[in-house]
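Novice: Chains as they are written, first to last, in this note's numbering: chain A, 1 to 327; chain B, 328 to 1079.
Treat the hints with caution; some may be incorrect.
[Unchecked claim] Capping the alpha-carbon separation at 35 Å, the derived lysine-lysine pairs in DSBU-like fashion look like this:
#1 A:K183 / A:K279
#2 A:K279 / A:K84
#3 B:K875 / B:K923
#4 A:K38 / B:K402
#5 B:K923 / B:K359
#6 A:K38 / B:K399
#7 A:K199 / A:K38
#8 A:K183 / A:K281
#9 B:K359 / A:K38
Just so you know, the hints here were simulated from the structure itself, not pulled from any lab data.
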Amino acid sequence: MRDFSYLRAGSIDTARQAAALPGAMLLAGGTTLIDLAKCGVAQPDTLVDITHLKGLDRIEIGEHGATIGALAKMSHVADHADIKSRLPAISEALWQAASAQIRNMATIGGNLMQRTRCPYFRDPANFSACNKRQPGSGCSAIGGVTRGHAVLGTSDACIAMYPGDLATALVAFDAAMHLGERKLLVDDFFLLPGSTPDKEHAIEPGEMITAIEIPGSAAARRSTYLKIRDRQSYEFAAASAAVGLELEADGRTIRDLRVALGGVATKPWRARAVEDALKGKVLEPEAVRAASQLSVEGAVDHGANHYKIELAPRVVARAILKLGETA
Amino acid sequence: MTLELGLNQQPAHLRQGSSIGQPLTRRDGFLKVTGAARYAADNHPPGMLYAVLAVSSIARGRVASLDIEAAKAHKGVVEVMTPRNRPALAMDPDAKDHPFMFRLDLLQNDEVRYPNQSIAVVIAETLEAATEGAVLLSPRYEELPARVGLDDAESFVPRGVGVGNPAVQHKGDVEAGLKSARTRIEATYETPAQYHNAMEPHAIVAAWDGDRLSIDTPSQGLAMAQGRIAGLFGIAPQNIHIRSPFLGGGFGSKGMISGPQVLGVLAARLVGRPVKLVLRREQMYGPVGHRAPTRQTLRMGMDGQGRLTAIDHHAKTASSTFDDFFEPAADASHTLYASPAIATSHEAVRLDTGTPLFMRAPGEATGSIALESAIDEAAHACGMDPLEFRLRNYAEVEPMTGKPFSSKALRECYSQAAKAFGWASRPLQPRLMRDADGFLTGWGVGTATFPALMFQAEARAVLRADGSGLMETGAQDMGQGAWTAFAQIAADGLGLDIDQVDFRAGSSDLPNAGIAGGSGHTATAGMAIHNAGAAVVAKLADLATENKASPLFGAGNEGVVARGGRLYRRDDENRSESYAEILTRAGLTEVEGRGKGAPDPASQETYAKHAHGAVFAEVKVDPDFGQIRVTRMVGAFAAGRVINPRLVRSQYYGGMIWGVSFALHEEAVTDRRSGRIQNANLAEYHVPVNADVPSVEALLVHEDDPHINALGIKGVGEIGVTGTAGAVANAVWHATGVRPRRFPIRIEDLLA
Ligand SMILES: Cc1cc2nc3c(=O)[nH]c(=O)nc-3n(C[C@H](O)[C@H](O)[C@H](O)COP(=O)(O)OP(=O)(O)OC[C@H]3O[C@@H](n4cnc5c(N)ncnc54)[C@H](O)[C@@H]3O)c2cc1C
Ligand code: SF4
Chain A
1 MRDFSYLRAG SIDTARQAAA LPGAMLLAGG TTLIDLAKCG VAQPDTLVDI
51 THLKGLDRIE IGEHGATIGA LAKMSHVADH ADIKSRLPAI SEALWQAASA
101 QIRNMATIGG NLMQRTRCPY FRDPANFSAC NKRQPGSGCS AIGGVTRGHA
151 VLGTSDACIA MYPGDLATAL VAFDAAMHLG ERKLLVDDFF LLPGSTPDKE
201 HAIEPGEMIT AIEIPGSAAA RRSTYLKIRD RQSYEFAAAS AAVGLELEAD
251 GRTIRDLRVA LGGVATKPWR ARAVEDALKG KVLEPEAVRA ASQLSVEGAV
301 DHGANHYKIE LAPRVVARAI LKLGETA
Chain B
328 MTLELGLNQQ PAHLRQGSSI GQPLTRRDGF LKVTGAARYA ADNHPPGMLY
378 AVLAVSSIAR GRVASLDIEA AKAHKGVVEV MTPRNRPALA MDPDAKDHPF
428 MFRLDLLQND EVRYPNQSIA VVIAETLEAA TEGAVLLSPR YEELPARVGL
478 DDAESFVPRG VGVGNPAVQH KGDVEAGLKS ARTRIEATYE TPAQYHNAME
528 PHAIVAAWDG DRLSIDTPSQ GLAMAQGRIA GLFGIAPQNI HIRSPFLGGG
578 FGSKGMISGP QVLGVLAARL VGRPVKLVLR REQMYGPVGH RAPTRQTLRM
628 GMDGQGRLTA IDHHAKTASS TFDDFFEPAA DASHTLYASP AIATSHEAVR
678 LDTGTPLFMR APGEATGSIA LESAIDEAAH ACGMDPLEFR LRNYAEVEPM
728 TGKPFSSKAL RECYSQAAKA FGWASRPLQP RLMRDADGFL TGWGVGTATF
778 PALMFQAEAR AVLRADGSGL METGAQDMGQ GAWTAFAQIA ADGLGLDIDQ
828 VDFRAGSSDL PNAGIAGGSG HTATAGMAIH NAGAAVVAKL ADLATENKAS
878 PLFGAGNEGV VARGGRLYRR DDENRSESYA EILTRAGLTE VEGRGKGAPD
928 PASQETYAKH AHGAVFAEVK VDPDFGQIRV TRMVGAFAAG RVINPRLVRS
978 QYYGGMIWGV SFALHEEAVT DRRSGRIQNA NLAEYHVPVN ADVPSVEALL
1028 VHEDDPHINA LGIKGVGEIG VTGTAGAVAN AVWHATGVRP RRFPIRIEDL
1078 LA
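Chain B extracted, bound-state conformation:
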C-alpha cells in the first residue's frame, strides 16, 4: 500500500514510511455508506422480542397505578415488567460506591424523579405491539410540583464539580485585585440545558444463556459497562460479552451504561428470550444525561496596560435530586489567562430532571463561552483589540497552579488563524462594518482549550509467520475515525504496512481500552497499541539477534529497526530479515506482546497539559430582523502530534459547528408547570443544518510535546467546541453592539 504524505505534515513519527501522519480515509467508511455496518439495533438474534419503555409524564411524584391487564391483553404483548416483577438485582441501583457510579432508574420502586423516567417495560412479539402496550398502561400518578429552574430550589455548594475538582478554588486576593484595578467589568451569562442527541439512539440487544450474557449496545467504555452490569447482576464480568463495533455518536451520553440499556438486560432475563430495546428520540431527554444549565457571573479587573489584576468566575448549575454531577463551568478560568488573583466557585440546585452528565467539553464549553465573552468585554473596557488583549494576558505558565505547560503553541494558533482570517483590518468599535447588502458584520475571537487527559488502556499485539500482524484492544469508534487512527498507530508499532495489520476493537473480550471520552482515547489506547507493538517487535528481535543463522545475529535489541515487515540492522541496512523468515526459522506460528497506556505520574506532577486553539468567526446580522448568520470561521489548533490530519480536521470542524450550535441554536425548552421538555425532537431541538454551516477552516499548528507521551498525542475531540461559541457571541456583539448574555442568541435578543 503506497500512501501519500500529509499536506504540510512532517513525517510524524521517527520511523521512515510510518503510517502515522497519513491522511487516510476512514477504514469503515465503505461499510457505513453502503449500510453494511451493523449498529447495535441492527441485530436480530433468533427468538428475539421487542421491549418498549413506558416513561413518566410527570416530573416528580409516584406512579399510583398502571393498567397492566390492558397492556397484557393486547395481541402480541408477552410481558410487562414493573417494580413488582422486575428480576432481582445483586445491587441496589441507587448505591453509589464511587463518584462515577451513577444511580440508575431500574424500576426499583414507584417513585418518579424526572420526566421520561422509565416506569415499566412492555415486551412483545413486535415493536408495534410493545409500543401500543406501553400506551395501554395508562399510568396514573400522585404528582408533586416540579422544580425546573435555577431559582426553583435552595442552592448549596457541591462537594466537588466535574471529575471531583474542588467546587471553590482561589489563588491570590481577588478582592484586592479588583480594588486595585484601573478598569473593572462584571457580567452574568446564562446557558441552557442541552441534550446530546447522538444520531443513533441508545439501543441494546441482550441475550442470556444461563448466567452468561451477550449484549450488542453502543458504549464509549466497554470494560466499564461490563463491570457495571456484572455488579448489578452479580455475575463475573467475563461472563458478559459486549459488542460495540460502531457508535452513531456518543458525545458523553454513552460513556456510562444507562438505565434503559440495563432495563433491556432485565427484560431479557424476565422473559428468558433475547430482547431488543431502542429508545425513541423523545425518550433520550431524561435518562441518558444532558448538559446542565448554568448562570455564570464573571468579574475582572485590569491595570492601565490592560493586564488582568483579578478574575472571579462564579457558576450556578443544577444536578438531579438523586445524584451528583456538577458542570464545572467556572474551572475554565483556571487555565487560559494570566492573573495574579483567580477565584472560581460553584453553587448548585437540585431539579426534577434526569442526572446531567458529561457532554462534549463538559465545563469547558459552558465556561469558555462565558469567559470568552467576559474577556471580550474586558478588552473593550480597556479600549483594546480583543486579540491584543488576549496576548497581553497570555499565560506562560498555568495560571492557577504555576506549573509550566508540557507544550503550548497557542501564540502560533492566534497568529496563523488571525492571518488566515484577515483580523488585522477589524475596527475596534462595534457596529461599524456592513456588507454590500446592508447586513451588520462583526468579527469575534475566542480561545479554545481542553485538558490533554490520559486514562488506562491495554492492547495485545501478534506477529504471525505469514508476515501479517494482529492488534487487539477493546477501543471504541464513535464515528470519529478511531478505528483508522488506531490502525495507523498499530501499523507503525508493528513495523508493518497498514494493509498487513488486522486491527480488532469494539468488543469486551479484547484487552480493556478504557473509555472513549475526555478526548483521551487516541492518546491512551494509542499508547497501549504502541507499547504492545514495541513489545512484540522486541520479542522478534530477540529471536533474530540471538540466532547465529540470522543476518541480524549479535545486533542486539537496540541495534535493529522494524519497517515494512522486516527487521534491519541499524548500522547496516543491507542486513535484514523478514518477520516470516524469523518466525519460520524459530518454528513459531506467531509471537505475542502486550502493552499499556497510562499517564506518566511524574510528568503529571510537573507539567500542565492542555491542547489549545484560537477561533475567529464572522457573523452577519440583519439590522431589522436580528437574524444572525455565521458566514466564516477559521480555527487554528495545537494538540500535539497529528496521527491523521484528515480525521483531526473533521474533529475540529465538528467541534466548531457544535460551537455555532451552542451560541445560536441549542436549547431544551421546559414547560415550567410540568417540568416537561417541550422540544424533545429534532424538528424543534435545533442544531445547525448544512445551510448554517459556513466556510469552516481548521489549521493544524505544529506542536512537539516531549512530556505528554511517547507518541506526543494530545486530544482533539472536544476542543473545537470551546472558543468557537465565544467567538460567535463576540462577533455578534461586534456586529450589533448588543452583548449577548443569554444563550442561544435569538432573534428577539437583537430586535432593537
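Chain A extracted, bound-state conformation:
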C-alpha cells in the first residue's frame, strides 16, 4: 500500500481547497474509493475526509421538489417518507442498489461519482490497456469479457457501462447538482466517452458536489424504478428503467413522460425519443411497446452484452405500463 496523508475537512471551503491540490481526493463513505485504492486504480496522495462536514446530509422536500445534501446516506434517502411518496423512483433506485451495509455507509455524492465496473478498468496490475485509466493505452474490454458492458453511448475508445442506479433516476427528472458556485444538470454532468473516456464528469478541480436538486413534477410523483438482474439483490442492473408518467384529465392520454435507462449505457441514459413518441398519445400496450424500442436506437453490442438490446426496451415498456395501471 502506498502511503497517503489524511485530512479531515472542517468546512466546505477547506475541503474544496484541499481537494484542488494534485493527488488529492475527497473521501465520503469510502465504499468506492477504498476498493479502487486497493486495486491500484485510485492512487491518492491525500484523502480529504468530508464526512464530518455539518449540514451536508440534509433532506429537504416540498411541493417544488427536493434538495438532498451530498453527505446524506443512501439508506436515509431511500427510507425518507416524503421521498417515497413524492419521488418514488428515487427511493426505489436507491434501495435496489448495492447492499444494506453499503447503503448505510455510502453517500449520495459518492454514489454519483462511482466508477465503472469494467473488470479491465479495475485490474491495472494485469491489464495495462485501458483508455479510461491511461489515455491512449487502448481498450482491453473490446474483444474480451463484455457481458456487463454498455450498448449505448459507446465509442471505439471505451465501452464501459455507468453502473449507478440513482443517477439514472435523476436524469429522468431533470435533477441538477450543486457544485459550489455552479449548478449543473445531472445529465450534463456525465460525459460520453468519445475519444476521452478518462474525462467522465464535468467537474473541475476544487469543485465538490454539495447537493442535488430534484424538481417536483407530476411525473416524478407517479414514478418508478424497475431494475432487472440475475440475482435478486446486490447486483448491478442488467437493464433498468426510471420512468415517470403524467396523464391528462381523461386518465388515458399521456401528458408528460420521463424515461431513463440504466445498466446499458456509458452514462445515465435519458431516452427522449421514447418520451416524444408517446407524449400526447393514448397509453396502450402496443404503442408503448413500439415506442420503447426507440430507447435502444443506435445501440451497438460487443457479443455477450447483446441481450441488453433485447432486454432494455422490454424493461422500459413494463415500467410505463405498470405506472399506467396505478391510479
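Given the coordinates of chain A, assemble chain B with the ligands onto it according to the supplied hints.
Specialist: Okay, now just chain B with the ligands, sitting in the frame of chain A:
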C-alpha cells in the same frame, strides 16, 4: 443438563437418555457470534512478520525479471523470497508419490503455469509494506498463449477420474439398448469452472524453533497436512504442531495443504521469525483448487413403458497442465437409475489453470445436474410425469455393480417431499402455470445421491476419578457443527451427560481423525469416538465387576450398562456404581481407552452404500425479462442415523442453496486472450444472497442402516447440492418450455 428430544426423532441410539439425536445448538456458536473464536489469521505470535504473495499476471510462460531492489528498498520490507533464495526443500514440490499428493508451486523455478501462481513472497514488518513491496516487484514475463477452454487443447482419456475410478466403464450393450429403444433422447450440457470461495481465505501463521514447526492454519485434514509438510521439509511429522480449531468453510479447498500455505512456512524459515500469510480473495482463484468445467453428453433409450434400455453418459473436463484431477462427472450415472446397459466415459484437456480439486460433491454435483436434466427430458419424451418416470426406473440394486444397497429409503424421500411440495397437481406440459402476477411458474424434481464413505480415524477417551470424561481426536469443524455432533457421540460413548465431557479436537497432537471430506467425517471420526468410549467403559467395567467390594461384582462385562456417569447391572438396575466410586476404590485418577473408525471391508464388498434424497423446486420466470426466481424448495433426505437434527437440517439447507447457486449463479468468467478470471471477487462472482433463498424445507427421512457402521451414520455434507441443481433447471424448463443446457442459467438464455 436436561435435553429436549428431537422433533419426530426416535431416540437415536440404544442407550436411554443418549445425547445422540438431540437437536443441540452449536457448542462453538457463542464463541463465534461474540468474535471470541480465534481463526488462524487471528494469531499474532511475538516478532511476527507479514508475508504477501506476488502472483503471476500471465497464464503461461516464465518470469523474466523481478525488481527485487525496488521491493527491498520500500520501508518495512524485510526480505523477498524468490526461486533464487527460497530455502531448500527435502522434496521436489513437483514429485507425485501417490495420486493424492498434489503438485505445489513453491518457487521451484521461474515457470508460470497459471494465472495467480505465486512468483515471489514479500516479507515485511507490516501488511501494508509487504503489499506495496509485492507491487514494486513489477514482474516482466515471457508469455505464451493461454489455453483456457475445453476446445483449446488436445483431448485424451485420463487414466483415472475422481479418486481413481476408471475413466471408462460399462455394463451391457449400450448401443443395442439404444437401438432397441422406442424413444431416445440425446443432449449436451455445459457447466462452468467454479471456485470454492470459503468465507475464510487460506491463511497460515508459521513459527520455527530449530527443526520444530508450529502452525495455525485452517485444514480439513490435519494429519495429512502434517505429513505433507514433514515430507517437504524433511522433518518428523511429530515435530510439526498444527492448530486448526475453527475453519471459515473449506468445501474441499482446504483438504490438502496448498502451495501458498507452504510458502508461509518457507518464508518463516527464510527470515527466522514467525510469519503470517493470508490470501487475498482474488488470489484464491488459482492455487487452492476449483471445480473444473464440464461438457456432458447424455444419450438415453426408453421402451414403451418408459423403462430405460440404455444410459450413455460422456463427460469432457479439464485439468491443469501439470497435475491430474479429473472431475468424475459421468460417474453420477452409476448409482441412480436402473438400466440394463450403462456406459460412462470421460475425456479431458489440459488448460493453463490451477489444478482443479474436490469441491463440494465433486462429480456428483456436475454429473447430477446433467443426468437429472436428461432424465427430465427422457420423461417428457415418453409423455410421463418426471417423478413417475424416476419411480419406473427406480434402482433396487446399484445399477452398475448389481450390489444390494446397505439401505435406501429413496422411495420414502420421493413420497414425503412430493406430498409436502404438492407435486400431484403439476401439469405435464411446460408453460402452463402462471401466478397472479403473470409470472411463468414451473415445478421440477431432482434425485440427490452421495456415496456413504468412511476413511480412517482414531480417538482417545479418558474417564477421570472426578466423574468427568475426556475425548480427544484431531477432527475438524469446518463450520458444519462437527464439534457438537462429535461431543454428542462422545457423551453417548462414555455414558456421560454432555456437559461432563471435555471434547478436544482441531489439533495435530491429538489422535489422527483423518479428513473432514467426502461427507465421511462424522461416520469415521464418530466411530473412532464411539469405539474409544466403549473401550474405556469396558476397562472401567472390568475394575468394578472384578472387585468384590463393588455392587457390580460378578456381573461381567456384558452385564453392565453405562449411563449418566454410572454403571448399572443390566439385570438389576438397582445395583449401580458411579465412575468416581469405581476409580477411587481402584486408586486410579483415570482410565484410558482408544478406538478406531474405518470402513468394514466385508460389508464394503457386499453392499453399495449411498445416501439418497429427492428435491422439489418451484421457480417463477418473468416472461418478458427471463429473470428467474426460485420461490420454494422441499427436499427429503435419507442418510442413516441423524446425530443432531438441527445440524443435519442446516447441512441440507446449505447444500440446497448451493444447488441454486450452481443452477443460477456461479461461474468463473475467463478472458480468453489472457486466461485471467475476470470476476475473481465476491461482488462479481455470484452466489445467492438472502433474497434469493426462498423458503427451504428439508425433511429427515428415517433410515436404519445395519451394515454401514455400528452407529448407522451416512454423510450429509454434500448430498444437498446434488439433485437440487437439476430440480431448479427442470423447474425452469417446466415454467418456460426452454430446456437449459448451459449453466448457470442466465437472463439471455430465456429471452424469447
Ligand atoms: C459490491 C458493490 C455493489 C454495488 N452495487 C451498486 C448498485 O447495484 N447500484 C449502485 O448504484 N451502486 C452500487 N454500488 C456502488 C455504491 O453505491 C457506491 O460505492 C457508493 O454509493 C459510493 O458512495 P461513498 O460515499 O462510499 O463514496 P466514496 O467511495 O467515498 O467516494 C466515491 C468517489 O466519489 C468522490 N466523492 C465523494 N463525495 C464527493 C462529493 N461530495 N463531491 C465530489 N466527489 C465526491 C470520491 O472522491 C470518490 O472518487 C456498489 C458498490 C459495491 C462495492
Ligand atoms: S471499456 Fe473503457 S474502462 Fe473498460 S477497458 Fe476499455 S477503456 Fe478501459
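Novice: Each of the hints needs a verdict: does it hold here or not?
Specialist: A quick look at each hint next to the structure:
no., hint, in the structure
1, A:K183 / A:K279, "28 Å, holds"
2, A:K279 / A:K84, "25 Å, holds"
3, B:K875 / B:K923, "32 Å, holds"
4, A:K38 / B:K402, "19 Å, holds"
5, B:K923 / B:K359, "30 Å, holds"
6, A:K38 / B:K399, "21 Å, holds"
7, A:K199 / A:K38, "22 Å, holds"
8, A:K183 / A:K281, "34 Å, holds"
9, B:K359 / A:K38, "28 Å, holds"
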